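Undergrad: Here the structure of chain W is known, so what remains is to put chain U in place on it, guided by the hints.
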Amino acid sequence: MQDLVEILILPLIGAGTITAFKGIMPRRLPGIWASFLVAVSFVLSVAADRRLGQLAAHHRVITGVLWNWVTGFGPTIHWRLYFDPLSAVWLLIITGVGALIHIYSIGYMHDDPGEGRFFAYLNFFIFSMLLLVLAGNLAILLIGWALVGLASYFLIGFWYERPSAVAAAKKAFVMNTLGDVGILLGLALLYVHYHGIGYAHLFRIFDTARPGSAFFEWSAFLLYLGAMAKSAQFPLHMWLADAMEGPTPVSALIHAATMVTAGVYLMTRLYPLLRLAPFTHQLIGAIGAFTAIFAASIAFFQQDIKKVLAYSTLSQLGYMFLAVGVGAYTAGVFHFMTHAFFKATLFLAAGSVIHALAGEQDLGQMGGLWRKMPWTMASFLAATLAIAGIPPFAGYFSKEAILGQAYNSGHLVLWAVGVLTAGMTSYYMFRLFFLTFFGKPRNAKLYDHAHEAPLVMTIPVVILGVFSVIGGFFGSWLNGWLSPAFHQYLGASTAPLEHGPVFGTVVTVGLAVIAFFVAYWLFVARGIQPQAGTTRAPGLWMLKAWGMDAAWTAVAVNPLKWLGDAMLAVERAILAGVVGLADGIQAWASDLAPIQTGYVRRYALSIMVGVVALLAYYLIRIGFIS
Amino acid sequence: MFLVWLLAVPLAGAIVTLWAPAKGAKGVAAITSFVALLGYVGLLFVNRAGVNWPWIAAWGVRFHLQADGLGLFLLGLNAVLFVVAILASSEDMGRIYYFWLLVLEFAVAGLFAAVDLFVFYVFWEVLLVPVFFLLTQWSGARGRTAALKWLIMNLVGSFFMLVGIVAVAVIHHQNGGAFTFEIAALSGMAIPAGIATWLFFAFLVAFWIKAPLWPLHGWMPDTYGESPAPVTALISGVLSKAGIYGILRVMMPIFLPQFRQFQLLLLILAAIGLLYGALAALRQTDMKMVTAYGSLSHMAMMALGIFSLTEAGILGTTYYMVAHGLMVGGLFIVLGLLESRTGTRTIQDMAGLNQSAPRLAAYFLFFVLGTLGLPGLPGFVGEYMIIQGLIQSQVVFAVIAGFVLVVAAWYMLRVFQAVMQGPARSSAIRDLLARQVAWLVPLAGLVVFIGIWPAGITSHAVPSLYHVMHFASQGGGR
Chain W
1 MQDLVEILIL PLIGAGTITA FKGIMPRRLP GIWASFLVAV SFVLSVAADR
51 RLGQLAAHHR VITGVLWNWV TGFGPTIHWR LYFDPLSAVW LLIITGVGAL
101 IHIYSIGYMH DDPGEGRFFA YLNFFIFSML LLVLAGNLAI LLIGWALVGL
151 ASYFLIGFWY ERPSAVAAAK KAFVMNTLGD VGILLGLALL YVHYHGIGYA
201 HLFRIFDTAR PGSAFFEWSA FLLYLGAMAK SAQFPLHMWL ADAMEGPTPV
251 SALIHAATMV TAGVYLMTRL YPLLRLAPFT HQLIGAIGAF TAIFAASIAF
301 FQQDIKKVLA YSTLSQLGYM FLAVGVGAYT AGVFHFMTHA FFKATLFLAA
351 GSVIHALAGE QDLGQMGGLW RKMPWTMASF LAATLAIAGI PPFAGYFSKE
401 AILGQAYNSG HLVLWAVGVL TAGMTSYYMF RLFFLTFFGK PRNAKLYDHA
451 HEAPLVMTIP VVILGVFSVI GGFFGSWLNG WLSPAFHQYL GASTAPLEHG
501 PVFGTVVTVG LAVIAFFVAY WLFVARGIQP QAGTTRAPGL WMLKAWGMDA
551 AWTAVAVNPL KWLGDAMLAV ERAILAGVVG LADGIQAWAS DLAPIQTGYV
601 RRYALSIMVG VVALLAYYLI RIGFIS
Chain U
1 MFLVWLLAVP LAGAIVTLWA PAKGAKGVAA ITSFVALLGY VGLLFVNRAG
51 VNWPWIAAWG VRFHLQADGL GLFLLGLNAV LFVVAILASS EDMGRIYYFW
101 LLVLEFAVAG LFAAVDLFVF YVFWEVLLVP VFFLLTQWSG ARGRTAALKW
151 LIMNLVGSFF MLVGIVAVAV IHHQNGGAFT FEIAALSGMA IPAGIATWLF
201 FAFLVAFWIK APLWPLHGWM PDTYGESPAP VTALISGVLS KAGIYGILRV
251 MMPIFLPQFR QFQLLLLILA AIGLLYGALA ALRQTDMKMV TAYGSLSHMA
301 MMALGIFSLT EAGILGTTYY MVAHGLMVGG LFIVLGLLES RTGTRTIQDM
351 AGLNQSAPRL AAYFLFFVLG TLGLPGLPGF VGEYMIIQGL IQSQVVFAVI
401 AGFVLVVAAW YMLRVFQAVM QGPARSSAIR DLLARQVAWL VPLAGLVVFI
451 GIWPAGITSH AVPSLYHVMH FASQGGGR
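Chains as they are written, first to last, in this note's numbering: chain W, 1 to 626; chain U, 1 to 478.
Isolated chain W, as found in the complex:
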């Protein structure tokens, strides 16, 4: 327990000290201090994991109460921590990848006046995310859940003088509040029925329950709603594309590697509940698959390097939910891990490119950068091969595990969608890669000034790039590590990694390779411009993300505004009524008042009313007593 608290509290100390002292800290210090604290958290996390591993396989849970939260009658809820193999995986990625991204940010943010503020937010995020995965009940989880959302809000709107960043931050916050409310309702529902919301408490009860009642479906669905918003599942996904307004390290850490996977964490954590809610469980897989292919299609024609990566994140999150939906929990966690490696690499490498091009994100201004930035290019390539699912890079293994299990469990439609999406992923990622690093430079001036990033940025990118290459080999370790957690309660019989049919692998990899060549042929051999095909359907629709923003505006935003206007109209009527009443009484009072100067009139009025009241009092008293 002690070590968990230390892991948790260190980044919070960082956020606090930087906020309090950033005015008097030397310029580089906030970044170094913040990175140092997260690195220490990482070391402590490794130690904590080792200690957890030394416990007997089926007792790998460390849980304890720090303090009471709400007591009395009604709910009794504690500040409870819960540390098991599942939280351990998240703990390692959050602090490990988090530390690397912190270090990278020292370089990336070095000339930004808000550097201190940035690192305070980043440390606050790490704390919140750790709280989320270490929480021992759903209420504490929800606190972490909302605080990561707040950190995300701060960092999306980091450059608050940009109207687009401010709007994006608000959209992210409001959409995530919708998800928070889902969790709030879901956990309250569970509390009402089971008088507790601790994981162990609930799961023990779930083990004896029969699946399929509406109650389980509702509670699972409400909790899924939270996961949906946080992990940007269709139709609550638009905020994530807009979230790219934040600085690129933020996109890497929060909007790719960690925070957006909180939904996967929650759903995996709640596997005993999903057993009881078969409909919701199926729905999760279906929406996941749809999100995967839907977002992949949007990525085809994007013009902005970060937008492509954002939609690819959406698509990969879809895969993770697909895994959850078919019961392939280990595969889902595995994909979370490899995705954290390769997507962080991609974003950080993209950040180096943006940094080198003085903030330019438009693919139309890039091209040929491999000569200038070989290390960045190499890391980006490794990660692109990984996300495209080319063996033996990391993404291949985790994606194979998901698709194989989708096939084995008979979810053939989901499987087919996943396979198709794998091909599409390979296409748009290589399109991005070629447009950025190959072909002729499309903006000679920017190209001339481009340069490889400083070491403080390049080294973390290369480390993550290496993990994108070798990350797939952690699969069997992960399988062994997580299996005790998935054996603890009913509902995860299909959790361990499986192999799919060989022809499935052949088709998936084959599609990816074909897509690679198509992208090569189009964007290198023929030298097609990134804008090509975006002026008419269907490219235009894809570029515009299928109009989902407009749909939300029409369905939810505008009607609420109209309702608000209607309320204001009603309000005017009510207030007019009050004014009429007041005028009437005032007129009546002034007629009666002998002296018309302000104070006396009002006194008279008060006295009048008082007398009336007293009179009524006696009347009633007499009336009742006699």
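Derived from the structure by calculation, the hints contain no laboratory data.
Being a predicted model, the structure only gives us computed values, none of them experimental.
In this text, a Cβ means the ideal position worked out from N, Cα and C, and glycines have one as well.
Check before you lean on any hint, since a few could be wrong.
[Claimed, not checked] Reference excerpt, derived from the structure (chain W facing chain U, CB under 10 Å, subset only):
(1) Gly149
(2) Asp565
(3) Ile574
[To be verified] Simulated restraints, written as ranges between beta carbons of each label pair:
(4) Pro358/U - Met1/W: 36 to 44 Å
(5) Arg27/W - Ser340/U: 32 to 40 Å
(6) Gly580/W - Gln348/U: 29 to 37 Å
TA: Chain U only, in chain W's frame:
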């Protein structure tokens, strides 16, 4: 005796203020309120004994004050918020302003401590007076209209309540009991069915107006709009709680059958108010009005918690009253600091003020986040418990409440972002002064503290809520 201290110190301070030098009045008032706050600390940690003195023997009225779990933390809210409001007031207000503020503190403290209905009523009436004068003398152009609306609507409510109070005492006497106004004695009394409904609504109207709850909130926009920020903070932070508190303290023990009978109607009315306030807040362009209508919505949330007639809901409301008071009080004061710098409250006239006033923006955001119910801050705790209560009794209202939380995030952030972020269009303003930060920090710290450790309040509130609840738990919820 600390309880008497809480009443006596503000009253004595008020009188001293009248003879203070004009520039020193604020100092006297600040010291007074601080001494009262010390008294509250004593009350909390040393001795909570009340007083029970004979007063009007002929009517069975006793001056009976008591600090139990229901009022204990509202007394604290009162003590804390008055310190902040006085410190946030300008020195130029003059000694009469501070006199009325301290009288108000006295009256509210009495209200939250009274357990005799007659005493309750006396304090209920007394607190109208200082607010009336604060509105007429130190408010905006329409302050007099606001004052008149405040007085008339509240007097109408008080009148109904007075009728109710007397009738309840008389009926209790006719039933064979002693002639008394002691709430504990009147609890669970039998009231003839026909008249019970009338009396129930007579009390309810008074509390409904004071909170205010939709649709009896007619006095609210002008009063909130015209009063100086510290007074707005006190009205919305402390006085509005008197309405909700009254329902719990006075009505629950006496009228539980009526609450059960009319539960659905009450829930519907509160839910309408909840939605109404939130949607109206969404479209306001005056930042103070956004907060005012947001507060209207939050008052309805508290009412929903009570009307759920469940333990979770009622405990949630008890806690939320304190939490909301601190947060909305803080928010109105921050808005006042902002208005005093920009000279406007229209959000379109401001933008990007964060750049010149980052500290002001930070506190603004803090109270915005608290008010919109961010988990981790206390608003969330209250809302969670209330929603749990609603799920227990009528789940559809839980869904409505959940929906309103989303709208709340929208309208609160809308104001913050419009004023503080984006490109700086308006001219630079001065950031918070060190002495302003000095009292905002403890207030914010207190908010964080009760958010992290709500049990500090909820566990203490329970013993006296049992008194309210042992009737309700016999089948109020499912």
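Undergrad: Determine for every hint whether it applies to the structure shown.
TA: Hints, verified against the model:
no., hint, result
1, Gly149, "holds, 9 Å"
2, Asp565, "holds, 6 Å"
3, Ile574, "holds, 6 Å"
4, Pro358/U - Met1/W: 36 to 44 Å, "holds, 38 Å"
5, Arg27/W - Ser340/U: 32 to 40 Å, "holds, 35 Å"
6, Gly580/W - Gln348/U: 29 to 37 Å, "holds, 31 Å"
Violated hints for the displayed structure: none, as all numbered hints are satisfied.
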